[in-house]
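**Student:** So you can see what is in the structure, the chains are spelled out below.
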Amino acid sequence: MKTIPFNQLQETLYHQTMDNGLDVYVLPKKGFNKTYATFTTKYGSVDNHFVPLNGSENVQVPDGIAHFLEHKMFEKEDRDVFQDFSKQGASSNAFTSFTRTAYLFSTTQNVMQNLETLVNFVQDPYFSDQSVEKEKGIIGQEIEMYNDNSDWRAYFGVIENMFHHHPVKIDIAGTIESIAKITKESLYTCYETFYHPSNMVLFVVGAVEPNEIMSFVEENQAAKSYKDQPPIERFFDSEPKTVAEKKKVLPMSVQVAKCLVGFKEPNPGRQGKDLLKHELSINLALDLMFGQSSENYEKLYNEGLIDQSFSYDFTEEENFGFSIVGSNTSSPDELANRLYEMIQSFRNESVDTDQLERIRKKKIGSFLRALNSPEFIANQFTRYRFNDMDLFEVVPMLESITAKDIEEAMKGHFAEDSFTVCQVVPKG
Amino acid sequence: MAIIPHEKTSCGGLTLHRIQTDKYKTTTVVVQFKARLTKETVTKRALLPYVLQSGTKNYSSSKAVRTELEKLYGATLGVDLAKKGDFHVMTFRMDFANEKFLSEDEPLFKKALSLLSEVIMNPKTDGSGFDSSIVDKEKRTMKQRIQSIYDDKMRYSNMRLTQEMFPNEAFGLHIYGEKEEVDGVTAQSLYDYYKKVCAEDEIDLYLVGDLEGVHAEEVVKELFPFQERSDRKSETTEKASLDVEEKEILETQEIKQGKLHMGFRSGVGYADDEYFALQVFNGMFGGFSHSKLFRNVREKESLAYYAASRYESHKGLIIVMSGIEFKNFKKTVDIIKEQLTAMREGDFNEEEMKQTKTMIRNQLLETVDDAKGMVELLYHGVVSQKLRTIEEWLDGVEAVTKEDILAVADKVKLDTVYFLKGEEA
Chain X
3 MKTIPFNQLQ ETLYHQTMDN GLDVYVLPKK GFNKTYATFT TKYGSVDNHF VPLNGSENVQ
63 VPDGIAHFLE HKMFEKEDRD VFQDFSKQGA SSNAFTSFTR TAYLFSTTQN VMQNLETLVN
123 FVQDPYFSDQ SVEKEKGIIG QEIEMYNDNS DWRAYFGVIE NMFHHHPVKI DIAGTIESIA
183 KITKESLYTC YETFYHPSNM VLFVVGAVEP NEIMSFVEEN QAAKSYKDQP PIERFFDSEP
243 KTVAEKKKVL PMSVQVAKCL VGFKEPNPGR QGKDLLKHEL SINLALDLMF GQSSENYEKL
303 YNEGLIDQSF SYDFTEEENF GFSIVGSNTS SPDELANRLY EMIQSFRNES VDTDQLERIR
363 KKKIGSFLRA LNSPEFIANQ FTRYRFNDMD LFEVVPMLES ITAKDIEEAM KGHFAEDSFT
423 VCQVVPKG
Chain W
630 MAIIPHEKTS CGGLTLHRIQ TDKYKTTTVV VQFKARLTKE TVTKRALLPY VLQSGTKNYS
690 SSKAVRTELE KLYGATLGVD LAKKGDFHVM TFRMDFANEK FLSEDEPLFK KALSLLSEVI
750 MNPKTDGSGF DSSIVDKEKR TMKQRIQSIY DDKMRYSNMR LTQEMFPNEA FGLHIYGEKE
810 EVDGVTAQSL YDYYKKVCAE DEIDLYLVGD LEGVHAEEVV KELFPFQERS DRKSETTEKA
870 SLDVEEKEIL ETQEIKQGKL HMGFRSGVGY ADDEYFALQV FNGMFGGFSH SKLFRNVREK
930 ESLAYYAASR YESHKGLIIV MSGIEFKNFK KTVDIIKEQL TAMREGDFNE EEMKQTKTMI
990 RNQLLETVDD AKGMVELLYH GVVSQKLRTI EEWLDGVEAV TKEDILAVAD KVKLDTVYFL
1050 KGEEA
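Here the protein sequences come in this chain order: X and W. Residue 430 is where the first sequence ends in our numbering, and the numbering goes up by one at each step. Residue 1054 is where the second sequence ends in our numbering, and the numbering goes up by one at each step.
Fair warning: there could be bad hints in the mix.
Beta-carbon label-pair distances, calculated as ranges [to be verified]:
1) X:Thr355 to W:Asp812: 52 to 60 Å
2) X:Lys301 to W:Lys825: 28 to 36 Å
3) X:Thr244 to W:Glu810: 43 to 51 Å
4) W:Lys652 to X:Trp154: 31 to 39 Å
5) X:Asp335 to W:Glu807: 58 to 66 Å
6) W:Glu875 to X:Asp126: 43 to 51 Å
7) W:Asp812 to X:Gln132: 26 to 34 Å
8) X:Asp126 to W:Glu807: 26 to 34 Å
FYI, nobody ran anything at the bench for these hints, they're computed from the structure. Using N, Cα and C, we set each Cβ at its ideal position, and we do this for glycine too.
This is chain W alone, in the form it adopts within the complex:
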């Protein structure tokens, strides 16, 4: 049996993904809306899902929607935003109990999906726009959400690093939108944008759970009647250019620990054959506790509690993060650079490679144990237009050779060193 029993069908204007499994006590529904990330739309798009979940024609307030969810044995509804390569993805996620574990046998599938359909398809309107009191409230909350990025120094540093790496590209935008643009959005302009989203976004709906006896296709067709897309645009992400000069950005705030974030470009993305080698490279460089960064920055030099790297699957980036004393800035940057050099020079053994592959395998299989994780993995295939089964992924990682890793290491190029430090340093 396949590790993810995944069936895909075209269902009007959306793609339905059905994943039959009996390992969960709940059923999970995830609806993904994908469109290009642009300066013109980022703010509206960041606001839209929050407005939609705050009131529908039949459940006219957030309180009414939440009351309905509680009646469905505490079904959960959440909205989310993500940057996936050059795309700004809006997510609606619902999760509800499978009635076979409840003492009263109440069929929840259709009811839960109907409520989700209400939220997405049947918003509360006022004349020809959204309800303006909902929009006003959500605009206020949105400004606070944007401001609070500043309050979380790790997230703030990540945002600043991305801005510095992509000053003139859409990828440099933050998915929460632009604070100065919020006031300009109106109930009418947002509704117009919503219509455009419904007509043009690429939409994927995932159902994960014990779906035996459920007529999923029928229900989804009835409840989410998006019109067929006129042209299935085959847009993919443009990888970050490797033609950059290294730069250093220092910033000061009243804080106790310095945040060092270093952005690298690799030129390798999910759809590329070298993707597996990139994963193994990252694992050995800073992805795990046996990695060069963890062992040298933390264990050997005691400079930090965390020192790690992660990769962005579509744009082709590697981001290193570490929290250090201000005075150790230069020393830590040097050690991190040395680790990259060591990777390039092939200063690692068979054992480390094997260990890393084993850990990646473990990570992938564990991700699949979680419904949300399963959807995340599958959705990479949609964003990159390169479908891979988990089995192919596992085999691909297994097959990576030392030469493959060296080839990737050779490409990896430092773009920006960002350091957020305290005032006394």
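The shape of chain X in the complex, shown without the other chains:
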């Protein structure tokens, strides 16, 4: 077991890689009642085209299957795993993102027993024709719930606009038509390919003792017969730098319009420190441009173009990335134009260093705040780890980024033909 201390943050992280390749991390949290654990596979909605384990040809699986699989993991031949956790005083859940599927529990008691349940249920799939059919009704209603959610529709609409081929444009849950094609067999194919321990990370944070956790996992994994797995081959069609669609307008049953603008990252492919630096640089740039202390925010607010729903974010993964900015608004077209102009004009100026120092402080403070949350630590650490980054490098990296780094990152990211708009407008 490796011990990794972070003195300034007064935290210590423990790490061990098991013989079958599973990475286990433990972060004890003093004074907390709760323990939170995530068991995550590097497999999400974008991984729909790959060579199955022991297969020779690549396959294309139905949209929404990673999420469907996540639902079905909880149902076993004789029982429902939700109930196992709840009998042991834990609440369990799971989520599927573009690039990850995470299973988790949180509890204030029976930590080891719950950890055993977590590891064992994810490593022991059971799918039947009947239960697959039953789930289609439940997920169908989950899809319809999102279809009525105007924020979600605007967000997905802008991502859909950006990409020509990349599967990030496909809704994580799929559609009612696409999930109809999912079978027990296709679930097993995905499971066997992506749920090998060497493709997974277990993270435990809270009221725990690292040694106890590590020896438990070691013994648990040693008792299971995993064969070494070759690297997984995933396929992505080559994606143009330009956006697929410049603008989309979605009429919905709303009273207030929404306007989101997006920039598609033209040169993804970074990992590790490069990605960390780029991601933080663009996020600092967005804070400088649109934070609540910025001139732009003040102008847009005073002119009545935005309200408190205004938000912005940049995210990048191994082979795609994008920034999204937007708000509820009374004038969606004008807001789109103004945001575009503001971004382009900021991109051509040099960064004000006083302002940068302030925003840097703000970012460091927000990071400290985020460390109050066991959920944040486990989920983000895992996301960073899958991209070869280290969550605990965030503060040193923030301290080292210069005005010039930000200027360069902006030049690359906010390109004129990477821009797209999605609006939700009142129907009728």
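Put chain W on the given structure of chain X with help from the hints.
**Tutor:** Relative to chain X, chain W alone:
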């Protein structure tokens, strides 16, 4: 040691709550202003905190306030509104880094509290009222905030259900205020209302974090010099009457999924002895994934992705929510009613009760791990005037018997079935 190390002192016109803990990397300050929810004040009160955070005498714009916050290592400031029983609560929340985790040792406590004091105590004024350009801007944003309730169908359905359940009572009002009343509020009338709030509201200030070596009482007295309240009114919430007839409200919009919301009255609130039994009842009925609603509506019948119930702690309500296909309306309502009948008939075992109690215990202890959650729990005691420690709460839940649950189940009465459906149904 107590689970929440909570010290309470009277500090001039407010009550100071000090919670010493070293488990966070930040310090959290929450200021709660409590007054009755009334039709006359709801709109002004919903506007006031947004105006206050938008400019002070020394930091004359929202931009200036936000710049100061950033200088304090990204201290956060947020305002919020809540309905707690018959009260309309305004919240100011601030959170700032504990300097011991920063590479430069900058004392932030006093600076951060001074800024919060600026926002609450020293607003930007113009003659004898608030700055009118700030008020105008915030009125515009406020109208949009009220309108956007309609856009979130789950929130909209909740609002409509509450209106239908309490057509002639203040509890039926929405905490965001009334859209038609917004134009009538002026910079002057709002300022007059602000003065009244400062003089009459019941105010509680919570400090959560590592406060060793901080002279909290002194600082709070100096920075928040509210005058002593003349009479500490012992107002509590009047529980919703159980004398109601069941009614059904159907509404149509262009949507894809139907939203079924059912409102029940229980006659049990936070201060009552039966409160713990209500919690266990709700947990078994629809509060958790092992509940009757989740297992029957979702797992057994595949009718919904979510089917859950939650309780309102002061008015004594239970609200059931589920998203379903339009054509399954009757069927789902029937199944939900059957689950209530099953609860009344005691159709549950020892195991389910134990499981539910364990989950409630878990939930309470987890809530206490979060500074905001801790304050929420403590504040129930202020609203209901019934102080309970977490330990008492945990013991109370543990002691609930099957008879207690049956007694509560027997009281629970369906008031309104609200269904928002699509046009083709």
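**Student:** Quick check on a hinted range of 58 to 66 Å for Asp335 of chain X and Glu807 of chain W, using CB atoms only.
**Tutor:** 30 Å, violated
**Student:** 26 to 34 Å was suggested as the range; check whether the CB atoms of Asp812 of chain W and Gln132 of chain X agree with it.
**Tutor:** Given range 26 to 34 Å: violated, Cβ gap about 59 Å.
**Student:** Is the gap between the beta carbons of Thr244 of chain X and Glu810 of chain W within 43 to 51 Å?
**Tutor:** Roughly 49 Å apart at Cβ, these two residues keep to the hinted range, so it holds.
**Student:** Per the hint of 31 to 39 Å, is the separation of the Cβ atoms of Lys652 of chain W and Trp154 of chain X within bounds?
**Tutor:** With a Cβ separation near 34 Å, Lys652 of chain W and Trp154 of chain X satisfy 31 to 39 Å, so the hint holds.
**Student:** Does the beta carbon distance between Thr355 of chain X and Asp812 of chain W stay inside 52 to 60 Å, or does it fall outside?
**Tutor:** Once the Cβ atoms are compared, 45 Å apart, the range 52 to 60 Å for Asp812 of chain W and Thr355 of chain X is violated.
**Student:** Within 28 to 36 Å or not, the Cβ separation of Lys301 of chain X and Lys825 of chain W?
**Tutor:** Check passed, 34 Å falls within 28 to 36 Å.
**Student:** Do Asp126 of chain X and Glu807 of chain W keep their Cβ atoms within the hinted range of 26 to 34 Å?
**Tutor:** Taking Cβ atoms as reference, Asp126 of chain X and Glu807 of chain W lie about 56 Å apart, which means the hint is violated.
**Student:** Check the following: the C-beta atoms of Glu875 of chain W and Asp126 of chain X are separated by a distance inside 43 to 51 Å.
**Tutor:** 46 Å, holds
Hint compliance for this structure: hints 1, 5, 7, 8 are broken, all remaining hints hold.
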